[in-house]
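**Student:** Each chain is listed here by its residues.
There are 8 protein chains.
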Amino acid sequence: MRDLAEILESFKTGATNLNDAVVEIGDSFFRDLGHSTLDSDRVRRNGSAEVIYGEHKTPQQIIDLVSALKEQGQNILITRVSQDIHVAVSSVIPDSVYYEDARLISFVQEQQPQVDTTIAVITAGTSDMQVAEEAARTAEFLGNRVDRINDVGVAGLHRLLARIEQIRTARVIIVVAGMEGALPSVVGGLVDKPVIAVPTSIGYGAAFSGIAALLGMLNSCASGVSVVNIDNGFGAAYMANMINRL
Amino acid sequence: MRDLAEILESFKTGATNLNDAVVEIGDSFFRDLGHSTLDSDRVRRNGSAEVIYGEHKTPQQIIDLVSALKEQGQNILITRVSQDIHVAVSSVIPDSVYYEDARLISFVQEQQPQVDTTIAVITAGTSDMQVAEEAARTAEFLGNRVDRINDVGVAGLHRLLARIEQIRTARVIIVVAGMEGALPSVVGGLVDKPVIAVPTSIGYGAAFSGIAALLGMLNSCASGVSVVNIDNGFGAAYMANMINRL
Amino acid sequence: MRDLAEILESFKTGATNLNDAVVEIGDSFFRDLGHSTLDSDRVRRNGSAEVIYGEHKTPQQIIDLVSALKEQGQNILITRVSQDIHVAVSSVIPDSVYYEDARLISFVQEQQPQVDTTIAVITAGTSDMQVAEEAARTAEFLGNRVDRINDVGVAGLHRLLARIEQIRTARVIIVVAGMEGALPSVVGGLVDKPVIAVPTSIGYGAAFSGIAALLGMLNSCASGVSVVNIDNGFGAAYMANMINRL
Amino acid sequence: MRDLAEILESFKTGATNLNDAVVEIGDSFFRDLGHSTLDSDRVRRNGSAEVIYGEHKTPQQIIDLVSALKEQGQNILITRVSQDIHVAVSSVIPDSVYYEDARLISFVQEQQPQVDTTIAVITAGTSDMQVAEEAARTAEFLGNRVDRINDVGVAGLHRLLARIEQIRTARVIIVVAGMEGALPSVVGGLVDKPVIAVPTSIGYGAAFSGIAALLGMLNSCASGVSVVNIDNGFGAAYMANMINRL
Amino acid sequence: MRDLAEILESFKTGATNLNDAVVEIGDSFFRDLGHSTLDSDRVRRNGSAEVIYGEHKTPQQIIDLVSALKEQGQNILITRVSQDIHVAVSSVIPDSVYYEDARLISFVQEQQPQVDTTIAVITAGTSDMQVAEEAARTAEFLGNRVDRINDVGVAGLHRLLARIEQIRTARVIIVVAGMEGALPSVVGGLVDKPVIAVPTSIGYGAAFSGIAALLGMLNSCASGVSVVNIDNGFGAAYMANMINRL
Amino acid sequence: MRDLAEILESFKTGATNLNDAVVEIGDSFFRDLGHSTLDSDRVRRNGSAEVIYGEHKTPQQIIDLVSALKEQGQNILITRVSQDIHVAVSSVIPDSVYYEDARLISFVQEQQPQVDTTIAVITAGTSDMQVAEEAARTAEFLGNRVDRINDVGVAGLHRLLARIEQIRTARVIIVVAGMEGALPSVVGGLVDKPVIAVPTSIGYGAAFSGIAALLGMLNSCASGVSVVNIDNGFGAAYMANMINRL
Amino acid sequence: MRDLAEILESFKTGATNLNDAVVEIGDSFFRDLGHSTLDSDRVRRNGSAEVIYGEHKTPQQIIDLVSALKEQGQNILITRVSQDIHVAVSSVIPDSVYYEDARLISFVQEQQPQVDTTIAVITAGTSDMQVAEEAARTAEFLGNRVDRINDVGVAGLHRLLARIEQIRTARVIIVVAGMEGALPSVVGGLVDKPVIAVPTSIGYGAAFSGIAALLGMLNSCASGVSVVNIDNGFGAAYMANMINRL
Amino acid sequence: MRDLAEILESFKTGATNLNDAVVEIGDSFFRDLGHSTLDSDRVRRNGSAEVIYGEHKTPQQIIDLVSALKEQGQNILITRVSQDIHVAVSSVIPDSVYYEDARLISFVQEQQPQVDTTIAVITAGTSDMQVAEEAARTAEFLGNRVDRINDVGVAGLHRLLARIEQIRTARVIIVVAGMEGALPSVVGGLVDKPVIAVPTSIGYGAAFSGIAALLGMLNSCASGVSVVNIDNGFGAAYMANMINRL
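Going down the list, the sequences are from chains A, B, C, D, E, F, G and H. Residue 205 in numbering that gives the first Met the number 0 sits at position 206 of the first sequence, and the numbers go up by one each step. Residue 87 in numbering that gives the first Met the number 0 sits at position 88 of the second sequence, and the numbers go up by one each step. Residue 148 in numbering that gives the first Met the number 0 sits at position 149 of the third sequence, and the numbers go up by one each step. Residue 183 in numbering that gives the first Met the number 0 sits at position 184 of the fourth sequence, and the numbers go up by one each step. Residue 113 in numbering that gives the first Met the number 0 sits at position 114 of the fifth sequence, and the numbers go up by one each step. Residue 233 in numbering that gives the first Met the number 0 sits at position 234 of the sixth sequence, and the numbers go up by one each step. Residue 64 in numbering that gives the first Met the number 0 sits at position 65 of the seventh sequence, and the numbers go up by one each step. Residue 29 in numbering that gives the first Met the number 0 sits at position 30 of the eighth sequence, and the numbers go up by one each step.
In isolation and in its complexed conformation, chain A is listed as follows (with noise of 0.2 Å):
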C-alpha cells in the first residue's frame, strides 16, 4: 500500500491520474465493503495492519477482507478460525499458513523488522496451549521472538522455580492461566518487567469459563500485572508487541 505521499508524488508525474488519486487516497484512509469498512490507516495510526477478528464472520465476508488487505500488499492475520476457513481463504491466497494449535491464518507479504528482545510466553497448565499458542503465533507474526515455556502451574512450585531466570532474560512476560488464574502473582512476584496476564475458559464449576482467573488475575497482590480479556491470546501478544518495540 503507498502511503499519501507516495501517491501524490506519482500523481504530481503523472503516473497516477486524477481519478485513480482520488480513489487511491481514500482507500489509504478506509474501504467500504458494504459489510465491512476496512480501517487502512492502522499502520500508520498504530503501527500495524488491522486483523480480521474470524469468529462470527462469513466466509465470504474473509474472503472479501483478505482480498483487500492482500491487494493493499499488507500483512494478513486472522485469528479465531477454523481449518474450513483456512480452505476458503486459500482460493485467494494460496500461501497462508493455518497453525491449528492457535486457530489462526497468517500471511506475511512484507517481513516485519524484527525485535531483538524476547517475548516469554508461559502457561500453567497443557489445557491452557491454544490460547497461548495464539499469543506466541501473534507475537511472531508482529516480529517479535518468543520463549515457550508450558505447564509450570503454581501446584508445582518448582517447576517454576526452574526456569525463573529463563524467563527473566525476556522483556515482556505473557502469563495464561485457566482454573484460579495464581500464576501471574507468582511470576509478578518474581520478575520486575510488566506481566501481561490472560484468563483462560479452561476449568469447570465455578471455574465460570474463566471468570475465576480473571477475578484472580485483577485482584493480584503483586504489582506490574495488567490483564486482557478471557482466552484473548492475541490482545496478549499485540499489548506485548507494543511494549516489546518501545
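For the record, the hints were derived by calculation from the structure and aren't laboratory data. Mixed in with the good hints there might be a few duds.
[Stated by the list, open to error] A few chain H residues that face chain F, going by a derived Cβ cut-off under 10 Å, partial list only:
(1) Glu-54
(2) Pro-58
(3) Gly-209
(4) Asp-230
[What the hints assert, rightly or not] Below, computed lysine to any residue pairings styled on SDA-like, alpha-carbon distance capped at 25 Å:
(5) Lys-69(G) <-> Ala-161(A)
(6) Lys-11(G) <-> His-55(G)
(7) Lys-69(H) <-> Val-22(H)
(8) Lys-11(D) <-> Glu-23(D)
(9) Lys-69(D) <-> Ala-161(G)
(10) Lys-69(D) <-> Glu-8(D)
(11) Lys-69(H) <-> Tyr-98(H)
(12) Lys-69(H) <-> Val-190(A)
(13) Lys-69(F) <-> His-157(E)
(14) Lys-69(F) <-> Asp-191(G)
(15) Lys-69(F) <-> Val-96(G)
All C-beta atoms in this analysis are idealised placements derived from N, C-alpha and C, irrespective of residue type, glycine included.
Place chains B, C, D, E, F, G and H on chain A using the hints.
**Tutor:** Only chains B, C, D, E, F, G and H this time, still in chain A's reference frame:
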C-alpha cells in the same frame, strides 16, 4: 380486516347476518387459537399488527397464526426463524419472503404509507450485521426508509467521522454494537437526534453474550440514548418507527 | 455565548481584538478548567447545553463549572445534588432554584422555546417519585409540558385504565417503576406512542437495587419500549425531549 | 402397596410368613435399589407417591424405579423425559402414556379421588405452553380439574380481561410466563385466590434463561403470589393440588 | 367504607346528593392523593384492604394514606417502618399499635372474621425472627391463628422432629430461614400441607444477603414448596391467609 | 451437664425426683428459650457444645443463651460480637474473655483435653488477620495448639518458602487469604497435609467482597484443598479441630 | 521411580554413569514434555503421584503423560475422560481400566498400603452418582475402603436416619448433592466426623449448574463442613484420603 | 539498606560482627513484624520497594511497617489512607507528605533516577480524578514525568481530538474512566503506544460500582489495551513505570 364501524354498517344493511357479525366483532379484538390468543386489536391500539416472535414456536403454531392474520388481511412479520420455517409458511402463503441475513419472514398485503424521513442503522462491526438487518428489514416493513452504515466501530474513529454528516440527516438513529458497546455513546455525543442502542451478543469471554455491551449502553455518558434487549433488532426498529411517524 | 459567526463578525469590525477572538473561539468548543473540560459546543451539536452530573463532584468543582456556564450565558441544570450543594452554588448564582423532590438545581438564563405537545411521566408506586420528578423537572427545564400520573402500578389495574385516555394524549410517555417493573409493558400494550422505561432501585431482597425492574423492562413483551439506566430520570427526560421536539 | 396395619394383620393370620413380613414392612418405608432409595412412605407422609424426576437418569435406573413402584401398586409419574425413555418404560409398563407436549410419562393403577374445584393454568405466551402442560397434566394426574387459558400476556390486556371471570371461578391459579414475567402481578391484582407463579426460560438476551421472569415474579407488587423454580410446571401443580385438596 | 350498592341506595333515598354520590363512587374504586393512588377496591377484588409498604415513603405520604384509609373505615397495616414513623402515625391514629419485633404498625377498625385453622410460622434460627414476626403479626392481623416455632434449623434435627406432630396440625406452614435455607426442604418432606418458604438475608459472605437461601428454596427437592421474596414475611403471610381461608 | 445415664442413675437412687428427671432429660436434648432452641445434645452428637453465632442477635437473646449454657456447665464461645456485647455478657459471666482481634467471647468451664499435634494458621496479608485470629482462637478454645504465620502471600514467595518446613510440622493447615486467594494453591502444592482455605473479604473493586478469593480457592489446581465460607475463620477451625482429633 | 538416595548410591557404585545420573536426578523433580511439565516430585512432597486431569487434553498429550508416568513406575489416574480416550491409552497401557460410571482411567503398578478406616460417600439423589463414583473410585485408587450410600436426600429423611449409624462408622464423610445441596448440613449435624461437601451441577433453572448447591454448602449451618468445586468428586476424595491417612 | 555484598564486605573487615551480620542478611530478605512480613528483597527482585496498601490496616500496623522501611532507608508509599492515618504516620516520619486528592502518603529518602519519557494520565470525567491522581502521584513517586489530561470522555469527542497529539508524545498512556468505560477503546484506536485502562466505580445503577466499565475495557475493540482492577490507579502507574523504564 373490517373495523367495528364497517361490521356494524354491514350488519345494519343485512349484508352480514347476526351470527357472523357476533363472531367478526369478537375476532376484531382477539381470536382464540387454543395455543395462542391472536391480538387482532393491535392496529387500532398500537398502530401496527401483531408481529410473530418465531423462536420457540412449532411450525404448526406459526402456520395457524399466519393463516389467521392472512384471513384478516393484515401484514405479516415473523422474526427469528430459520429457512425451514419459511418452507412451512410458504405452504399457506406462497408469496411470503424470507430474509436470510435478518432471519425474518415478511408478507405485505396492504402497503403501509411510507415515511419521508430516514432511520439510520449503524453497526460497530461486521459481525453485528444480523441484528442490524433484523432492525433494517423491520423498519422497511413498517414503511420507513433505512440508511445502512456498517463496521464503523470506535477503534477506527475516522471511519465514523467521515460519515457523520450522512448520519445526521436521519430522524432516528439505531446503533448496533457488541463487545464493549461504545459506539452509541460516541454517536450520541455527535448528533441531536434520538439514538436507540442495540447491544449484540457478539464477542467472547468477558463479553458475557452481550452483557458487557448492554451495561456499556445503559451507562452511556452521552444523553439521548436508550437501550433495548440484547440482539433485539426488531424492538429497536419498532421504537424507531414509532418515533419516525410522530 | 456568541456563536462562531458572531465572533468572526465582531473581530472583523474590530470590536473584538485578535487575542480575545482566539480565546473566545477556543472557548466556544471547550474550556479547560483543569479538573474538567467544559463542552461548550453541545448546544450546536446536541441541541442543549451540557448538564452537570453532580454526584461525586466536590462543591468547588461544581462552582467552577456553573461559573463558566453562567459566563457563557447558558442554562444550567445540575442533577443528583443535596441541599448543601445548592447553598454552595447560590454563592455564585443566587437565583438558582433547588428542587428537593428531584434533587436538581436549575438556573435558566435564556428561556427555551416551549413545545406544545406533552410528555407523560407515570409512576408505578409512590416511592418511585424521586426518579420521576428528576424526569419531570428535567423535561420542563428543556421546555416541555409534563403530565404527572402517580402510583398506578399493575396490582390495581383499574387505577391505570381510568387514566389511559389522558395518557394517550401525550406524545412521549416515560414510565418509572421499581420492584418487578411491569408497568411499561402494560402501558406499552395500550398506546401507540414511544414509551421510555426507567427502572428504579425501589424494592428489597431479590429486587437487587433495580436489577429486577431493569431486566423486566428490557424483556418487555410490548413493543415500542426502550430503557435507560436504573434511576436515570434525567436520561429518560432528555430522550423524551429529543423525541418531543422532532 | 399394603400399609403397615394390613401387613401385620396378614402376618397374624399366617397369610404372610415372618421373613416376607419383615421385608414388606421395610419396603413400606423405603427400598434400596443400589443407585436409588425409593421413598415408599410418601403417600402416608405427603399424600402422594414419589414422582420420578427423569432428567439425568439412565433408562435402566428409570426402569428399576418404575418396576418397584408398579409392584407396590403405586401411580407413576415421570417428568422431563423424551419419547426414547417412554419406549424403554413401555417394555415394563406397556400401558403407560407419554404426553409429548408436557414431556411426561404417566401410569395410573389406582384412580385418585377427584377434586371438584378447578385449577386454572394460564400462559403469557404460546411458547410457555410446554411448562404449562407439565403443570396441567400433573394436576390432572393428581386428580384435579384443570382450566387452560393460553397466550394472554400483558401486552394485549383485553385478552386477559375478557377471561378474568372464568379465571375467578378457579380455586387456585397457576400463571406461567417467560420474558419479563409480569402476568402473575396483573392476575394477582385481579383475584382473591392464591396465585402460583412459574417463570419460564422463554426469551433471549437479558431474559437470561428465566432469571428476568423469576426476579419479576419474586418482586411482584401484587400480594398472594408465590413462586417456584424456572420451568417447574410440576412443582406448581403439586403445590396447587395440595391447596386444592385442603 | 360503603360499598356501591349502599351508595346507590342512599342516593335513591336522597340521603346522599348527586355530587357526594359521584365522589363517593369514584372513591370506592381509587382515590388520587397526588403522590399516591389509593386502591379502595381491594377488599372487593382481593379480599383484604391495601397494605402500606412503608419503606422509602416519607412520613407525610404515610400520614396521607392512613388518613384516607381510616376515613374509609378500613383496617390498616404498615410494614417495614421504624418507631419514628409510628410517632408520626400516632398523630392521626392514636390507637395504632407498633410491633417493634416485626417493624409493623397495625390498626383494626373492624374485626376480621377469625379462621379456625392454624398457620405455623417456623424459623431456622433466632436471627430469622424479625422476618418471622412480620409474617406472624400479618397473619394475625388478617384474622388467623398462628403457631410460632423458633430456631429448629437442620443442624440439630431432633429439635424439629420433636415438634413435627405439632407442625402437622397447621393448615399452612411458613418456613423462614437464612444461610443455606435448607429447612423448607426438610419440613416439606415431612408434611402434607403447603409450605411457603421465606428466605432471609441472615448470614454473611457467600450468603449474599439471602441469595443462597433463595436459590436453595427454589431448588427444593421436596414438593409442595413455593417461595416469596427475600425477607418478605408479609407476602408469605398474605399468601398463607388466602390459602387458610379457602 | 449430666448425661442421660447419670440422670437415670440419680433418679433410681431417689436423689432426683420424677418431675426434675423429666425436665432434665428433655433439657439434655434441647431447651426451648422461646426465641431460640438450644441444642444441648451437641457434645454427644458432634463432639463439642453449640457455638453462638453472635451477629444479628440482640444482647438479651445472647444473655439468655449463655445463661442456659452456663447452667449446663458447657464451655461457651460467641463469634462475631463487638465489645458492647461483651459488656452485656459480663453481667452474667464476669469471667468471660473478649478477644478484640478475633471479635470472640470465650468462657471455659471445663478444660478440653489438649491435642498434641498443631494446627497452622497462615495469612496472605496483614489485613486477613481478624479472620485468622477467629480461626486461631477457636482452635485454641477447642483444645488445639496453634502456630500463626502472617503475611506470607505469593507476591513475595521467599517469605513463605523460608517457613515451609515449620508449616509442614502441622497436622492440619488453615490458609486465610483475600484478593486473588492464591496462597492455598501454593501451600497445597508444597505439603502432604489437608489444607482448609478461608477466603476473606479483603480487597476492593473486582475482589467483590471475597468472591474472587472464594472462586480462586474452589478452583485450586492443588489437590487436598477444601474451602469454607468467606471470612469464616470459625468454620475452618472447627473443621481443623475435627481432623486434628482423628 | 528411584528416589534421590538410590540414584546417588547407584552412581557411586558405577551402576549408573554420570550422564544417566544427571538426567535421572532431573527427572526425579520434573520432566519437560514440551506441552507439559510432569511433576515427578509429588509423591515425596504431597504423598501421591500427579493425577492427570483429562478434560481439554488431546489424546496425544495424555499418551505422552501416561508413558512418562508408567516409565517412572508410578500409579496412574486420569479423570474426566470418555471411553475414546481409554482406547488411546490402552495402546500404551493395555492393562489400564476404564470406569464408565466415574469417567476415570486407572492403572496401578505398585499397590498402595491400604487404610483400615472407611470413607463414606453419600449422595442426595440418583443423578449425583457420576460425581460420587469419581470420588469413590479415586478414594479406592488411593488405598481407602469406601462405603457407598445413595439417594438419601432430605426430602425423605427416614432414608438417611435409617443409615446414620452406618455413616457414623466412617472416619471421613463425603456428601454429594445437587439442587439445593442441603444434605451436608443435615449429615453434618448428626456426626462428629469431618464432612466434605461436593455440590453437583444436577438440577435446572435456578440451580444454575451447581451454584445453588455450592452456596448452600458454603453457608451450611452445621459446623465441620468444608466444600470443594462443583462436580469435583476427585478433589473430595483426595482430601478425604489425606485426612483418612493422618 | 545495604545489599548482600556490602554486608559481607563489612563483616570481612570486622566493621560488622557476626550476630549483626546474620540479622542484617536475614532482614535483607524479609523481616517478621508479627502481624506482617516485610518483603525487604523487592528492590532487587522487582525494581522498587514494597508499597503499603493502607486500607484495612490499623494505624499501629502501618506505623510498624513505615518504621521498618524507614530504618532500611527505603522510599515509602502508602495508598488508600485518610488524613487520620497521616497524622499517625507523622509521629514517626514528620516529613512525610499527604496527597488528599490521591489519598496517598509519600516519603522519599533516596531520589529515584528520573525517566525522560512521559506517562499520560487521562480521565473521562472529573469524578474519575481521585483514581487518576493515585496513578499520577504513584508514577511521579517512582520517578516518572506525568502529563494530566482531564474530562475528555467520548460524549464530547472534540475535547479528546484537540489533545490527541499531546497524548501521542507519551510513552505509555493510562486511561481512567467510569460509567461505560469507552475512552480506552477510542484512545487505543488513535495511538501506537500501550494503553493501560483503569475502570472506576463512578456511576450509578447498572454501572454496578465499576463492573460496566471493567467489562467495557476488557472487551475493547481496540488492540493494545490491558486492564487493571477497578479504581486501581496505583497498579496502573506501577505497570506504566515498568514499561516506561524498559
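**Student:** Does each hint hold? Answer for all of them.
**Tutor:** Hints versus structure:
For Glu-54(H), the interface hint holds, the least distance from its beta-carbon to any beta-carbon of chain F being 7 Å, beneath 10 Å. Hint on Pro-58(H) is violated. Least Cβ distance to chain F is approximately 13 Å, over the 10 Å limit. For Gly-209(H), the interface hint holds, since its Cβ comes within 10 Å of a Cβ in chain F; the closest pair sits about 6 Å apart. Annotation: interface hint on Asp-230(H) holds; nearest CB of chain F at approximately 5 Å, less than 10 Å.
Under the criterion of a C-alpha separation no larger than 25 Å, the hint pairing Lys-69(G) with Ala-161(A) is consistent with the structure, at around 24 Å. With a C-alpha separation of about 43 Å, the suggested pairing of Lys-11(G) with His-55(G) is violated against the 25 Å cut-off. Restraint check: the Cα-Cα separation between Lys-69(H) and Val-22(H) comes to about 17 Å, which is no more than 25 Å; the hinted pair holds. Proposed proximity of Lys-11(D) and Glu-23(D) is supported: the alpha carbons are some 14 Å apart, at most 25 Å.
For the given pair, Lys-69(D) sits about 24 Å from Ala-161(G) by alpha-carbon distance, which is consistent with the 25 Å threshold. Distance check on the hinted pair: Lys-69(D) and Glu-8(D) sit about 23 Å apart at the alpha-carbon level, within 25 Å; holds. With a C-alpha separation of about 19 Å, the suggested pair Lys-69(H) and Tyr-98(H) falls inside the 25 Å cut-off, and the hint holds. Straight-line distance between C-alpha atoms of Lys-69(H) and Val-190(A) comes to about 24 Å, which keeps the hinted pair within the 25 Å bound.
Using a Cα cut-off of 25 Å, the hinted pair Lys-69(F) and His-157(E) holds, with the two alpha carbons roughly 22 Å apart. Proposed proximity of Lys-69(F) and Asp-191(G) is supported: the alpha carbons are some 23 Å apart, at most 25 Å. Between Lys-69(F) and Val-96(G) the CA atoms are separated by roughly 58 Å; this puts the pair beyond 25 Å, and the hint is violated.
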